[in-house]
Amino acid sequence: MEKLRYERPVINKIKAGVPDKFGMQTKVEIMPEIEGISVKDILKEYGSPVFVLSENKIRETYQEAHRAFSSRYPKIQFAWSYKTNYLDAVCKIYHDEGSWAEVVSGFEYDKAISNGVPGSKILFNGPDKSNEDLVKAIDNGSFIHIDHFDELYSIIRLTKNTDKKAKVAIRINMDTGIYPQWDRFGFNYENGEAWNAINRIMLSENLELVGLHTHIGTYIMSANAYAVAASKLAELAVRTNRKFNHNIKYIDMGGGFASKNTLKGAYLPGKDTCPSFDDYAEAITSALINSEIAPDNLPILFLETGRALIDEAGYILGTVLANKRLSNARRSTIVDVGVNMLFTSFWYEHEIYPAQECSLQTEDTAIYGPLCMNIDVLREAIQFPLLQKGDHFVIPRVGAYNMTQWMQFITLRPNILLIDRNKNIQIIRDKETNEVFKRQERVPEHLK
Amino acid sequence: MKIRSNIAVSDNGFMFDPNTGDSYNLNNTAAEILQMLKSGKDESEIIKEFTQKYDVDEATFEQNLYDFLGMLGHYDLVEKEQTNY
Amino acid sequence: MGKLKLNIAVTGLNNTDNPGPGVPVIRGLRESNYFDVRIIGLAYENLEPGIYMKDIVDKVYQIPYPSSGTEAFLDRIKYIHSKENLNVIIPNFDAELYSFIKAEKELGDLGVKIFLPTLEQFEERSKSNLPKFGEKYGIKVPFSKAITSYADINNLRNHFDYPLLVKGKFYDAYLAYNPEQVINHFNKITAKWGVPVIIQEFIRGTEVNVIALGDGKGNTIAAVPMRKQYITDKGKAWGGITIADENLVKLTKKLIADTRWRGGMELEIIKNVNNEYYLIEINPRIPAWVYLAVGAGQNIPEALVRLAIGENVPPYKSYDVGKMFIRYSYDMIGDISQFEKLSMTGEL
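Protein chains in written order, with my numbering: chain C, 3 to 450; chain X, 331 to 415; chain L, 523 to 870.
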């Protein structure tokens, strides 16, 4: 006799008031494969956990964003935000699509150069640029986005020793009606600091003011905030033209577009509320086109979108280590992906999908990572199906920031794979070994 | 382990505890185990019957069963052993 | 002439001490001279009183909270439509409006009509945008600021005098007399509704409310002003009376004309000692005291349904002044078997 399909026994208390089932089976979505390749097979071959990136998804998303802007505005240029994900393979895909590089440190600057990006196609942002960095950027004709007056005066000093003009832009912060307002980067618009900086640059012989830059915040759900920001930059461009008869060559709207992840504390899921590239593009481009900038002088529109371009292309695959009951009888599931490699779980309610057929029954579950640390929580509370030890799962939308902000803590960082356009799996970063760490360390003679 | 005698499970898996007024829902296997407990079967009999009937190995089922019985205890649905003070 | 038969789904059956508008909306529809309605109640929670009121709902379905995602939510609505052949849905729960507005076209294609404000209207009047809204339409609003963290609470002294109001994105408003109370309310509100939390200047005066219906072309189809006579400790009206305040009606009509408001709305207004009107809030839906408007001669639920199905609806010209509503509580007797059926099948 054939045996019946087994499902583990579950009892759930029906809370008066709170809905449990909705008369239909709760839909438990599973993700058994990525781009047609079995999750189980990937884990078997490359170990668990493992990051997987999709080249197709990276290119499709880039092209979608590019189309949204280029169909509305004559001159646009994307610059890949290195800090979001600076794996060489990833950067090269964006450069291949036509992206310049947007870097925020000497380390990233050198990375861009070694990825074959000409200096004249690098935007150099951030509050930390050493004198060596600045000299290099000036020599290479890179665009330096000045963050503060100390930097501005450093550049003025440094250009005295060279015959090259520094190509500079200033970063500007402003009130765009969103909360919180970022005011720690760049020069403030409302209090006139930005205008002062522009004046100082225009009076300096060795500096050429080529652009105006802003980056209004991160994970901005309101497309309209960008329209406000673009209008304010356009207003500064017009004022600069009026006073100095000088055309601003580009306006850089930075990044900060939201991805479809759900922020902690948000009521509706990110999938439902995240504006589309079209929404952002419409807001920004119409603000520029409707500004007082003469049509012949329309500046190039730069975009440094990182998260919205790559988040969707990244997955992390992992394995259930154990199930246990907490003291209040709630279920907790321990998995081999922790906050050390999934840094974004500090601010996202990441979706987690079982990778194999599973029970339709769900239970209120806390999902913990493997670290011996109380903060290692992937999800505080999720209605999750019952997975057994050894079962696999997939967390989608992890392409942004995790592979740059991850920490090596009590364990080694895993492989990162790229599924290329021919559906071949390529390792683009090897998993770390003990030797990697040994190599960096030195034991003083008396302790040997 | 004995389930309290005034607890009944309907066919659809709904369970009402008249002592506390709490309601529960159970999936099919949970409801089946509950009926077996009510009919006086002990853990080893349940394990035997289940592993014959369902596609599950003994170790997995035993683990799941004790987890489930633990939940019944947590919700106070089982007869307390008589204690003499 | 026979009445038009319609299947209408209604949410907000939570006729509790913080009542949803579902039950009064249904009472208005049941008293309609135009329609013969079958009412399908949509409930989020299994103890919403309207579920158990036999004369109110013909059938009830549970639906998932919008926070579980538009897809799950719409799937459920479509399933219910396949069973009940819905003509109109009247959403009454603030937190679901966004999802319904987004889904209006998709549902419309299936033959289910909704009559809600546009997304632009909905966002523009949201609590955190109120200052801009007031500026744009020339209406006085109390000074307010959205905050997202504790750090902002310390800075409030620079902008506000205590007491001040602490408000949630969708619901809840508390008066705070000092920063400690603000922190307390901030925690309560963010736990439930997330950020931002809105801090609003407290205007002293008389609170008056207007219920209104705009046709989306700038016409005010219905407008009835009311003064709350008794307020519960949750700030909800427990008794109210229709008043003849022409300024209020004028203000409402101007607002609807300027915004081309589409759908039901409630204006919360404070009239201060100098007879100035401050707009405190616009609720983008029918409020729970709608049955007072019906009693005063303007059947707003009926008019809203007629607009939803594309009829031309002439504006109401008058209402009875001095009509009162007095809420009361009433204990129904239910049985565990009803609770079981709803909990296990999601239908009753």
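To be clear, the hints were calculated from the coordinates, so they are not data collected in a lab. It should be emphasised that the depicted structure is a prediction, and the values quoted were computed from it without experimental measurement. One thing to keep in mind: the hints can contain errors.
What the hints assert, rightly or not - A short list of chain X residues far from chain C (calculated; beta carbon distances all over 12 Å):
1) Asn394
2) Gly400
3) Lys410
To be verified - Among the chain C residues that face chain X by a calculated CB cut under 8 Å, a handful are:
4) Arg7
5) Glu9
6) Pro11
7) Lys15
8) Leu160
9) Thr161
10) Leu328
11) Gln390
12) Gly392
What the hints assert, rightly or not - Restricting the straight-line Cα-Cα distance to at most 30 Å, the calculated cross-link-like pairs of lysine-lysine (DSBU-like) are:
13) C:Lys15 with L:Lys576
14) L:Lys581 with C:Lys17
15) C:Lys262 with C:Lys138
16) C:Lys262 with L:Lys624
17) C:Lys17 with C:Lys425
18) C:Lys15 with L:Lys863
19) C:Lys17 with L:Lys758
20) C:Lys59 with L:Lys627
21) C:Lys273 with L:Lys605
22) C:Lys266 with L:Lys710
23) C:Lys266 with L:Lys576
24) L:Lys756 with C:Lys266
25) C:Lys273 with L:Lys600
We put the beta carbon where it would ideally sit given N, CA and C, even for glycine.
Need the status of pair Lys15 (chain C), Lys576 (chain L): alpha-carbon distance at most 30 Å?
The given pair, whose Cα atoms are some 27 Å apart, holds under the 30 Å limit.
Given the hint that Lys273 (chain C) pairs with Lys600 (chain L), does the C-alpha gap stay at or below 30 Å?
19 Å, holds
Just to be careful: measuring from the Cβ of Gln390 (chain C) to every Cβ in chain X, is the smallest value less than 8 Å?
7 Å, holds
Hint check: Lys273 (chain C) vs Lys605 (chain L), CA-CA at most 30 Å. Holds or violated?
28 Å, holds
Is it true that the CA of Lys266 (chain C) sits at most 30 Å from the CA of Lys710 (chain L)?
16 Å, holds
Straight-line Cα separation of Lys581 (chain L) and Lys17 (chain C) no greater than 30 Å?
22 Å, holds
Against the 30 Å threshold, does the CA-CA distance of Lys59 (chain C) and Lys627 (chain L) hold or violate the hint?
With Cα atoms ~29 Å apart, Lys59 (chain C) and Lys627 (chain L) stay inside 30 Å; holds.
Say whether it holds or is violated: Gly400 (chain X) keeps its Cβ farther than 12 Å from all Cβ of chain C.
Non-interface label on Gly400 (chain X) violated, nearest chain C Cβ at 7 Å vs cutoff 12 Å.
Going straight from one Cα to the other, do Lys17 (chain C) and Lys758 (chain L) come out at no more than 30 Å?
Distance of about 26 Å is within 30 Å: holds.
Supplied contact hint for Arg7 (chain C), tested at 8 Å Cβ to chain X:
Holds. Min distance 6 Å.
With 8 Å as the cut and Cβ atoms as the points, is Lys15 (chain C) at the interface with chain X?
5 Å, holds
Does the structure keep Lys17 (chain C) and Lys425 (chain C) at a Cα separation of 30 Å or less?
Measuring from Cα to Cα gives roughly 47 Å; hence the hint is violated.
Violated hints for the displayed structure, listed by number in ascending order: 1, 2, 8, 9, 10, 12, 15, 17 and 23.
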